[in-house]
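Peer 1: We have chain S; now place chain L onto it with these hints.
There are 2 protein chains.
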Amino acid sequence: MKILFSFYPKRDQQTRLIENFPQAEFIFQKPLDEEALKTADILVTYGEDLHASHLEKADQLKWIMVASAGLEKMPLDEIAARNIILTNARGIHKIPMAESILAHILSIKKSLPLMAKNQRNGEWSPKLNPTELFGSTALILGTGAIGSEVGRILQAFGVHTIGCNRSGKMASSMDTIVSFGQLKEVLPDADIVISILPSTEETKHLLTYEHFQCMKPSAIFMNFGRGDVIKEEELLRALTEERIAYAVLDVFEKEPLHKEHPFWKMHNVIVSPHASSHSSQYVVRALEIFSENLTEWLNESNQLENIIDLKRGY
Amino acid sequence: MKILFSFYPKRDQQTRLIENFPQAEFIFQKPLDEEALKTADILVTYGEDLHASHLEKADQLKWIMVASAGLEKMPLDEIAARNIILTNARGIHKIPMAESILAHILSIKKSLPLMAKNQRNGEWSPKLNPTELFGSTALILGTGAIGSEVGRILQAFGVHTIGCNRSGKMASSMDTIVSFGQLKEVLPDADIVISILPSTEETKHLLTYEHFQCMKPSAIFMNFGRGDVIKEEELLRALTEERIAYAVLDVFEKEPLHKEHPFWKMHNVIVSPHASSHSSQYVVRALEIFSENLTEWLNESNQLENIIDLKRGY
Numbered sequence: 001m002k003i004l005f006s007f008y009p010k011r012d013q014q015t016r017l018i019e020n021f022p023q024a025e026f027i028f029q030k031p032l033d034e035e036a037l038k039t040a041d042i043l044v045t046y047g048e049d050l051h052a053s054h055l056e057k058a059d060q061l062k063w064i065m066v067a068s069a070g071l072e073k074m075p076l077d078e079i080a081a082r083n084i085i086l087t088n089a090r091g092i093h094k095i096p097m098a099e100s101i102l103a104h105i106l107s108i109k110k111s112l113p114l115m116a117k118n119q120r121n122g123e124w125s126p127k128l129n130p131t132e133l134f135g136s137t138a139l140i141l142g143t144g145a146i147g148s149e150v151g152r153i154l155q156a157f158g159v160h161t162i163g164c165n166r167s168g169k170m171a172s173s174m175d176t177i178v179s180f181g182q183l184k185e186v187l188p189d190a191d192i193v194i195s196i197l198p199s200t201e202e203t204k205h206l207l208t209y210e211h212f213q214c215m216k217p218s219a220i221f222m223n224f225g226r227g228d229v230i231k232e233e234e235l236l237r238a239l240t241e242e243r244i245a246y247a248v249l250d251v252f253e254k255e256p257l258h259k260e261h262p263f264w265k266m267h268n269v270i271v272s273p274h275a276s277s278h279s280s281q282y283v284v285r286a287l288e289i290f291s292e293n294l295t296e297w298l299n300e301s302n303q304l305e306n307i308i309d310l311k312r313g314y
Numbered sequence: 001m002k003i004l005f006s007f008y009p010k011r012d013q014q015t016r017l018i019e020n021f022p023q024a025e026f027i028f029q030k031p032l033d034e035e036a037l038k039t040a041d042i043l044v045t046y047g048e049d050l051h052a053s054h055l056e057k058a059d060q061l062k063w064i065m066v067a068s069a070g071l072e073k074m075p076l077d078e079i080a081a082r083n084i085i086l087t088n089a090r091g092i093h094k095i096p097m098a099e100s101i102l103a104h105i106l107s108i109k110k111s112l113p114l115m116a117k118n119q120r121n122g123e124w125s126p127k128l129n130p131t132e133l134f135g136s137t138a139l140i141l142g143t144g145a146i147g148s149e150v151g152r153i154l155q156a157f158g159v160h161t162i163g164c165n166r167s168g169k170m171a172s173s174m175d176t177i178v179s180f181g182q183l184k185e186v187l188p189d190a191d192i193v194i195s196i197l198p199s200t201e202e203t204k205h206l207l208t209y210e211h212f213q214c215m216k217p218s219a220i221f222m223n224f225g226r227g228d229v230i231k232e233e234e235l236l237r238a239l240t241e242e243r244i245a246y247a248v249l250d251v252f253e254k255e256p257l258h259k260e261h262p263f264w265k266m267h268n269v270i271v272s273p274h275a276s277s278h279s280s281q282y283v284v285r286a287l288e289i290f291s292e293n294l295t296e297w298l299n300e301s302n303q304l305e306n307i308i309d310l311k312r313g314y
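If you read the sequences in order, they're chains S and L. Mapped onto full-length UniProt numbering, the consecutive letters of the first sequence carry residue numbers 1 to 314. Mapped onto full-length UniProt numbering, the consecutive letters of the second sequence carry residue numbers 1 to 314.
Everything labelled a hint here was simulated from the structure, so no lab data went into it. A few of these clues could be false.
Dumping the calculated SDA-like pairs for lysine to any residue here, alpha-carbon to alpha-carbon at most 25 Å [what the hints assert, rightly or not]: (1) 127/S - 267/L; (2) 265/L - 254/S; (3) 73/S - 125/L; (4) 127/S - 29/L; (5) 127/L - 46/S; (6) 265/S - 288/S; (7) 265/L - 123/L; (8) 216/L - 123/L; (9) 117/S - 236/L.
Bound conformation, chain S alone (with noise of 0.2 Å):
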């Protein structure tokens, strides 16, 4: 059995993975080799390396792991026929994400950019007029583990979680749940907007002006999903005309966001660079995932973790 990796683990990691799984032989290299995929039984990859054509040669290949959440890159048709197995490493970024999207509603709501201005000019301004979390209400686009996992944190501070999904299934650490078609019945109640969705045909737009008119003027909407969720012209509009107090936006149509943008000096945007799942931590995740995974492969079961439904893309 081969398993080949289109990115360099740490010595110390691809040691491990050496000892644990004696009976594979592992292949460490970057850029993809293309020789070596022909006779490589398993692929992990970023996700973002593999094309269509690759797959013609790739006879033995029968799993690809993707060490990202992410999967827009990936040849899914291709993959189907081919009846590969695909996997990713979802849940991997539910704890930085989490973090990140905690600390941006916590730096608005205590005024920590006004607080480091006053400080920037040796002003001592005790007046920085916070709001609190605590009692406010917060609507989650998307309730996978992202989503689950900062409703949780949210409800420890007291925030109201409202969960929106495709279906408006129940999900955990959501105190009421709705589907797409009622998002307008709960905007007008929510202090914090949260768009954890991925890109999938039926989230493309999802969002439009009309939705930011339904929002309170002191909300906060946050995009740390994917840029298209929303036209960023419609976007640009809503927060020209100020329907809404923040944006706070990890993702954009097109990144990086062009120099001219005016998103950069708005005062009512946060530009996150696409770095809200960034953490030292990513490719131990990432691995454990994968190693969990290879353990039930070894053993011929199919109850793999983050199988990914190639018709569904998620």
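Peer 2: Chain L in isolation, oriented as in the chain S frame:
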């Protein structure tokens, strides 16, 4: 029964008190009216306007409610000598303070000040080297209402909490507890050291330069209690020598912090202008505590909440 306020609650808050307690006569005025105090049974004050001399003529006074948590300016010995009951609004600060403390911790961990600087420069720089709160250890000096609330929320983030108080008596939301005397034993384990200690004989200068020598170079020190828990020159020395990574200071030996003070410009110091307890809900909550106690008082119960031990001062 005459109840004297030395500050003005909002009109609707005054009305609610008058309606809910028809058996009492309420006088709302500011500053403290010495004539009215002579015939008052109960005084409600923010705690900064009452001097020992006032009490000499306050023959009817049986109960003083301080609508804050700090009691440093109260004439405790004279209050004790006249058998007056003193209560405060302990617990009123726990929500805004816990939220402020978490805001600063997460802002530092997720490099939000650097992200904001990059945004001002129009710079897309995803490499912000964030660290994780999850799995870290916090040492909380002071395990009362605020300390326990901070501990509770930190635990929700997956943080190991070590409480520290005078006696080493167990407190809620702490994984372990140590006494003041054991401080140096646990300091090397702490990623975050948070003081919420009041100013008392036992806490004054409790921390010294040597304590900072015991801390991790990556540690964050937060003083949200009182400035005199450490001599400022020793704190300044530890920070100038970069013994730790960050100090977030909400309190100082002398407030406001002098315009020329070095803290303002130090890259490893966040100056919070004694603002962490501020809340739009402050008076609402103080009056809730007062109303519950007043109900008890009118029922001639001695079960008042938040009675101060006048010898200990808290």
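Peer 1: List, from low to high, the hint numbers that the structure doesn't satisfy.
Peer 2: Numbers 2, 6, 8 - these are the hints that the structure violates, sorted from lowest upward.
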